[in-house]
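Peer 1: The primary structure of each chain is shown beneath.
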Amino acid sequence: MSKILIRGAKVLGGEPQDVLIEGSEIAAVGSGLSAEGAEVVEADGKVLLPGLVDLHTHLREPGREDSETVLTGTRAAASGGYTAVFAMANTFPVADTAGVVEQVYRLGQEHGYCDVQPIGAVTVGLEGKKLAELGAMHESAAGVTVFSDDGKCVDDAVIMRRALEYVKAFGGVVAQHAQEPRLTEGAQMNEGVVSAELGLGGWPAVAEESIIARDVLLAEHVGSRVHICHLSTAGSVEIVRWAKSRGIDVTAEVTPHHLLLTDELVRSYNPVYKVNPPLRTERDVMALREALADGTIDIVATDHAPHPHEDKDCEWAAAAMGMVGLETALSVVQQTMVETGLLDWAGVADRMSFKPAGIGRAQGHGRPVSAGEPANLTLVDTAYRGAVDPAGFASRSRNTPYEGRELPGRVTHTWLRGRATLVDGKLA
Amino acid sequence: MQRHLISAADLTRDDAVLILDTAEEMARVADRPIKKLPTLRGRTVVNLFFEDSTRTRISFEAAEKRLSADVINFTAKGSSVSKGESLKDTAQTLEAMGVDAVVIRHGASGAPYRLATSGWIDAAVINAGDGTHQHPTQALLDAFTMRRRLVGRDAGLGQDLAGKRITLVGDILHSRVARSNVDLLHTLGAEVTLVAPPTLVPVGVESWPCEVSYDLDSTLSKSDAVMLLRVQRERMNAAFFPTEREYSRRYGLDGDRMAKMPEHAIVMHPGPMVRGMEITAEVADSERCTAIEQVANGVSIRMAVLYLLLGGNEPAVTHTRTEEK
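Protein chains in written order, with full-length UniProt numbering: chain A, 1 to 428; chain B, 1 to 325.
Chain A with its partners taken away, still in its complex shape (with noise of 0.2 Å):
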């Protein structure tokens, strides 16, 4: 059985201490471990996290293979330090039966960079008129447990309620895209001040709060589990602030570059920052980034969305809408919540692996880094400063809105259940 002595690394933030891999397991985690028979990984002082978990990534895989596949999207994934991600259902075709789902969870096994977790529609095409086959996916191989049309709103209140009652059968949970169709008919970019002076068509935070306010109503009178894509405003938080302290079963999650963008960036016309929901205000961010700090929203996700160069080197209205995260997520959380004190390491621990995993009910995920354990694992060097170059990339798409920037912090190990798949930053 292989072995690998992770020496000296920071657990959760806490004071370095050795953990020993044997197998897929943790086997010890203590000061002065054993290096016999062990591969040894100095970490000088490293973090040292849980494998992080995406409760909400686009692998594109099947349908859109120029803008990524499963082996690619999962390369990413593993280089930003993750181990399970899960994957979107507005694939072409749709993952909305269970071959399609189980298509997606076989292809991540065979590459093997890190679990995917397929989502299933919530509708039949995403077009939200008829539930889709939710029981079928649920009990498939991909044993889905997340439903999701996002892209598109579930609108219509009686698809959304009758799929959050029937999704209580198995445990399964609605993950809802929060954004009222006919509100933002046109839109380009948040409304406000900045919209206003671009005249690009305003997608006003109402639209994501109805929604949101809602829904949360709907999983109170019907006693099931809800949960919100990127919000993205300050009224949204307060929303969920609301509904937790009624004992709504809500959860949230918010996306790095909502953490850090605003939509003064859209000024540049550069359709990089298109994405939806919209990059708000400076007022939402920090809005946001409280509310993540104190826990009404309960995680990090990258909405990883990536596009072909060709579908954002053009005007900002023809452009696609979204953002590649995987690879600069961690950076971006470093920075707006541990370099500002809100968040400690243990806290990013809770917020990009335990939560998300337990949200998505991922096997083996989001696990804490003691004896017995699985070993997914992810190391970071904190003290790492650089700029961010697309170029070295593992996603198959460049569009990232970071290019150029200095981000703290960099991952240079990931290991999937012992086995390594970043070693000292490149892919194994």
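None of these hints come from the bench; they were simulated from the model. Ideal placement from N, C-alpha and C gives every residue a C-beta, glycine not left out. It is possible that part of the hints are untrue.
Said to hold, decoys possible - Quick look at which bits of chain A chain B covers, simulated, 3 or more residues with Cβ under 8 Å: (1) 183–195; (2) 311–324.
What the hints assert, rightly or not - Label-pair restraints from in silico Cβ distances: (3) B:Asp52 / A:Arg385: 46 to 54 Å; (4) B:Ser118 / A:Ala157: 37 to 45 Å; (5) B:Val212 / A:Ala157: 31 to 39 Å; (6) B:Asn237 / A:Asp156: 18 to 26 Å; (7) B:Thr93 / A:Ala157: 47 to 55 Å; (8) B:Val212 / A:Met286: 23 to 31 Å; (9) A:Ala157 / B:Met236: 23 to 31 Å; (10) A:Arg385 / B:Val212: 43 to 51 Å; (11) B:Asn237 / A:Arg246: 35 to 43 Å; (12) A:Gly425 / B:Ser118: 26 to 34 Å.
Following the hints, position chain B against chain A.
Peer 2: Same frame as chain A, but now just chain B:
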């Protein structure tokens, strides 16, 4: 002057006054028997129109031809926004043909900015209207018309519009003319008031350097110029206002309302006018309405802009008179 003209907000007061003064010189050319200067001889200008606008295209074309530029008209209607390469590819094709300036009209806000800043081409870019963003030469010709009427043709040289009170009425939300005018008129020292139903005022307008009112009648007596903006009938179906009649009653300019304006005040319209809804025939055809003058002034303004961006540093008319000898 900068190399491109993308937004009225990019112009300083001195840039704007220089353009207006140069346009006065250009206007004199129109009074000559041969309305042509050799200033841009050997230069190639492309009118790249992704969106229909016969009026604006003809105005630019007339300006380019009066300056002796070689003119290429490229109409790409329909191929515009469906796939973005069309803009980049088209631009690079024109660049390869040695174009010196691109006059671009595009349905997408920001398309001229992308063209000027993405490194796709080296030519000067002149925005002839982009989406609901900007239409800077329209704002310049409006300011030119105001200066002539409110300050004076000769007295206006070197002057801005300090203290003039300008009211813009109509669909502010979807109007690039409104955005350009607010920026330029503010730069030139005028006080601007926007008047519209609240549905046609953008969220975020509070950051603009102007006042906003929902009541036309209360602003008329305080206006040196009232500019009506085009209201598309389709807006009614999208519930921006209940009926054409109601819009007309509250925001249309008729003879009674015009009578409330100071005697010297003018009525402006960028055209085409929707008679009966925005403006009654009585007002449109009155001496005080400058709509036709605005069209004529548009050619002078566009000559001035093309000359200043492409022609060199010497004053336009001195330069050309030398060549005429």
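Peer 1: Can you give the numbers of the hints that this structure goes against, from lowest to highest?
Peer 2: Of the numbered hints, all hold.
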